[in-house]
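Peer 1: Chain residues, written in single-letter form:
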Amino acid sequence: MTDRFIAPTTIEDALAILARDKAARPVAGGTDLVVASRQGRKPLPESIVAIHRIAELGQHAVNDGSLVVGALTSHAWLAGSAEVRRHWTALADAAAIVGSPATRATGTIGGNLMNASPAAETTAPLVVLGANVMLRAIGRGSRIVPVANLAVGPGRTSAAADELLTTVIVPLPPAASGSAYIRLEYRRAMEIAIVGAAVLVTLAADSSIASARIALTAVGPTIVRAPDAEAVLAGGAADPATFRAAGAAAAATARPIDDVRASADYRGAMLAVVVTRTIAAAVARARGDAIPIPASRWAHGQEA
Amino acid sequence: MQARPIRIADLVSPRIAAAHILDQDDEEAEAPVTENDQQPPADLPAPTPPWIRADGQAKATGQARYTADLAFPGLAHARLLLAGRAHARIVSLDTTRARSLPGVLAILTQDDVPEHRYGSFGYVLDRTLFARDVVRFEGEVVAAVAALTPEQAAAGVAAIEVEYEDLPPILDVEAALRPGSPLVHPAIDTYGHDPNLEPAGNLAGRSTIVKGDAAAAIAAAPIVVRERYVADMAHPVPIEPHAVTADWSGDRVTVFSSTQVPFAARSRTAEVLEIPEHRVRVVVSHLGGGFGGKCDFHFEGHVAALARAARRPVRLVLTRHEEFIAPDKVTHGMVVDVETGLDADGTILARKARILLDCGAYASDTPVLGQIAAMMIAGPYRIPAVDIEALSIYTNRTPSGSVRAPTGPQACWAVEQHHDVLAARVGLDPVAFRRLNLVHDGDEGPTRQRHEGDGAHQTLEAAVDRIQQGEPLGPGESIGIAAGWWFSAPGPSGAFVRIESDGSGRIVTGAQENGTGAVMALPILAAEELGMRPEDFAITYQDTDTGPYDGGSSGSQTTFNNGRAVIEAAREVKRQLLELAAVALEANVADLELRDGHAGVVGSPDRRVSIAELATTAHGGALLLARGSGMPPDAPEHDASACVGRLGFESFAAPTFFCHAVRIRLDPATGIVRTTKVITATDVGRVLNAPGALGQMTGGVVMALGNATLEGTVFGADGLQRNASLLDYKLLTTADAPEIEAIFIENPASNGGPRGSKGVGEPPIVPTAAAIANAITAATGVRVRRLPMTPERVWRAITTGDDGAAEANAPFGPSETALAELAGAGTGRR
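If you read the sequences in order, they're chains H and D. Position one of the first sequence corresponds to residue 24 (the numbering used here), numbered consecutively onward. Position one of the second sequence corresponds to residue -5 (the numbering used here), numbered consecutively onward.
Hints are computed from structural coordinates only; laboratory data are not their basis. Mixed in with the good hints, there may be bad ones.
As a list, the in silico SDA-like pairs of lysine to any residue whose alpha-carbon atoms are at most 25 Å apart [unchecked claim]:
no.: 1; chain 1: H; residue 1: 45; chain 2: D; residue 2: 242
no.: 2; chain 1: H; residue 1: 65; chain 2: D; residue 2: 53
no.: 3; chain 1: H; residue 1: 65; chain 2: D; residue 2: 721
no.: 4; chain 1: H; residue 1: 65; chain 2: D; residue 2: 718
no.: 5; chain 1: D; residue 1: 53; chain 2: H; residue 2: 123
no.: 6; chain 1: H; residue 1: 65; chain 2: D; residue 2: 153
no.: 7; chain 1: H; residue 1: 65; chain 2: D; residue 2: 315
Generate the whole structure from the sequences, applying the supplied hints.
Peer 2: Printed below as a string of structure tokens:
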């Protein structure tokens, strides 16, 4: 049972509570915490540090080209920001489809990352975009951790119990880049990814693919990169046959699970389809073509 | 009878289309709107008539109080101990430790209530309030705890010690019928039952629809096609979970319940507690949706007994997980084997079919639903010879029962796909095949009832015509159609109408408003009779103490029966008013009319007197008060002499005819189907309340779409539901709702509801899945014979040819043999 609840107004105060109260856990929008507790999956923490009043955590800016957003930044803001949609498009693709409008208004990027679900929408885009997070603790200052190294398993992160995720920093992709995130969805709201893929491609001067990063959602205990698929794309022609080959490569090494939502068979086959389409969307955007946000909607019926 | 097509679409669907566009704008700022060829009008048209239902404001503003919102002094909280396993013997049950916990006020098991077996409508009396010795499905109630707080009640439940001996769950309906199968109800021969049924073994009931000699006709037919279709169980998922509060006062109990059938809840509560019915009152606050899931006696008896033992009001509210596993009203899983004999030109000669209904652990009302399923497999088609049997089979799954249009969506999905297969077989397109075989006015139904009107053809033509308008089909896009029929349910129902001293009106009815607006629309009927406005009427409803009997919000019956009662009562009040007016105006009653709140001489606008004035006069004398209890119309003439298991649906009263045409965009790489447009054309006899009818259409279509491709309960081999949560039991949301247009055709029924109207609550959900299935085949060339047609199943059908119906066609014969062996002698035919 929760018997301690504090809502500090500064980061320092929040850090002080986390340091002295071993059972204290931060909560922002609560969209994962409360739902899990209601369903009986995870009881509410004994001690809650509510961080929603900390103004500094809600700030966002573009500094020297990098996107710098506080942990309290909502999915709705990310999905609607003209800057994010233009330069970090995969992130907007993902933020636009988290849950429902109500979830997006209340849920935060910090919460999404610290919840460390293998099916989180925003994580794969942040991984391919090379994003980092800042973790702060009292007496230890701050440290920078790549998003790719934050989650270590379903629901578990490499953060210490007294650390607070304060900021997400996303560097500006190189020129001639495009990014996209697509999930396979049976319905278009209140949905969780069956499988998902995020892709960042950079085109060379001759329009071939100079480099690519691919990250996969819901096919492992954490978000994983797809190095074999990336290798197919690097230096390759930006054409459908290459995209398909990369999709097949991504599916070949994946070990998706059987569960009530999909069989392993179907998931594996769909991974190839989703990766192929996500690459096509990212390449189109790199060329300057408009693919609507969220790309998951556009994906229906596209070449596979 | 002249048909008068009404295009409600012109009036109201721009609002639906506009709402759809607005939704898209919010979510996809940069996406061009391509799925909708209508522009949103600058000013949305006003609804016709300009009338707000009496409960609308409260519900929309959050002020409406539902059962779980009601406050009581000293309220205690209930929690149920559910079995949590599909089939087990109870070796021991010890509540001692639980009773000693702080705050626990009362704990009940079957030992604490009368040993009484009951069953819906008396079909098979196979149920006790709590489990006795055996649990037969995971949601079976083993015990109930009342405590001061919900947490203490949960702790009490957790402290009850039960030792189970697990038994193998019976989950295969065909295996359950074979001789030697383990039995869900070993003592079934000792159960009381309806005399038209012969429960035996794992068979709760068997009904047939038989006309002529189908076997001989099929044997002689030039073309015979036989197929199997399999539908999974599904859930009604009302947004409000079951909630019951019982409050005793002396030897009387008031039960506030989220029930669709207050009178049935009252009778059964009185029955199981062995107290007189007049000491039980059932009141429904506002109902947060039912869809059939609340259409029976549920937990009223448990909670009333707990409240009596605890000597305090006690409230039970199910969690969402409990809502999935405990109430015994889910949509049937079904296996349909259908065989049709055809002439070379595509004329249907005969149909034979066997339907296996999974009724789960308790029969509930499944036996009668089998009859309905059989009628649905015959459909609104000209078929000279018919032999369709429906078997209700026990398994250890959640008991199934009358969810909205019970068996309709599954049966229509099977038979309308079958009709497209037949059409292809003789080289006819689906529309031409239906033009050839759908019934016309005067044609004979499957039990020889005479069809009235040409609604089947009119709805087909209207839907087909409309779906073909608009943009040409793009890649992955296709169209599918499906036709069908559904009944109205005549039944007893009463109402009072009074005019108060100030001239306002009040309708007093026992009818239940489950959200359709059927009760809320009763003032329209009274107002039309009395020359008043609907908003002049208040309604007292859904309280067994105040209103006369009504069957509840099920079977599309509220307007059909209670509407007639209200009209009858209003006409009597009209007679009373005109008599008073004749005196006041010194005129003959025959020269008077009621209009605009006045009684006046026809043709003389100055010679009139207000109803308010007449009411003041009446208030000092005979009062203005009347009753109506319209005699239910007779079933249409028919011949069911060759049918067995006759429970009342061997003919369809005032059938509604309909056709849905859908447009889909299928993604063959993933199997995902997006339905972009649904045209519904429905012969409802008479439209009484246009926005209400449209509301039923749009809501029904959205519910049907969920059932078609998204929902479906997944069971493990242990008999437990694997997706008993809203995350994994996926409902359609507005984000996926298609553009929906409703076309209404009016062929007033001679033996129908008010003004010749027919039921409108259930038909909307029946044919949509079938139309989508046919569209899937049009888009891919493959057929999916498993419902729901999930993306994975569609994908599998495309990539491997596996249609999902799992087993090869089974011959019809063995069911007869199995029945004979179970019954011990002969064929068990009555």
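Peer 1: The structure should be examined with respect to each hint, and the outcome stated for every one.
Peer 2: Against the structure, the hints:
About 49 Å separates the Cα atoms of residue 45 (chain H) and residue 242 (chain D), which puts this hinted pair outside 25 Å; it is violated. Restraint check: the Cα-Cα separation between residue 65 (chain H) and residue 53 (chain D) comes to about 33 Å, which exceeds 25 Å; the hinted pair is violated. Among the hinted pairs, residue 65 (chain H) with residue 721 (chain D) is consistent with the structure: their alpha-carbon atoms are about 16 Å apart, no more than 25 Å. For a cut-off of 25 Å, the pair hint linking residue 65 (chain H) to residue 718 (chain D) stands: about 18 Å separates their Cα positions.
Restraint check for residue 53 (chain D) and residue 123 (chain H): satisfied, since their Cα atoms lie roughly 22 Å apart, inside the 25 Å limit. A threshold of 25 Å between alpha carbons decides the hint, and for residue 65 (chain H) with residue 153 (chain D) the separation of about 21 Å falls inside it, so the pair holds. For the hint linking residue 65 (chain H) to residue 315 (chain D), the alpha-carbon distance of about 16 Å falls within 25 Å, and the restraint holds.
Going down the numbered hints, you'll see the structure goes against 1 and 2, while the others check out.
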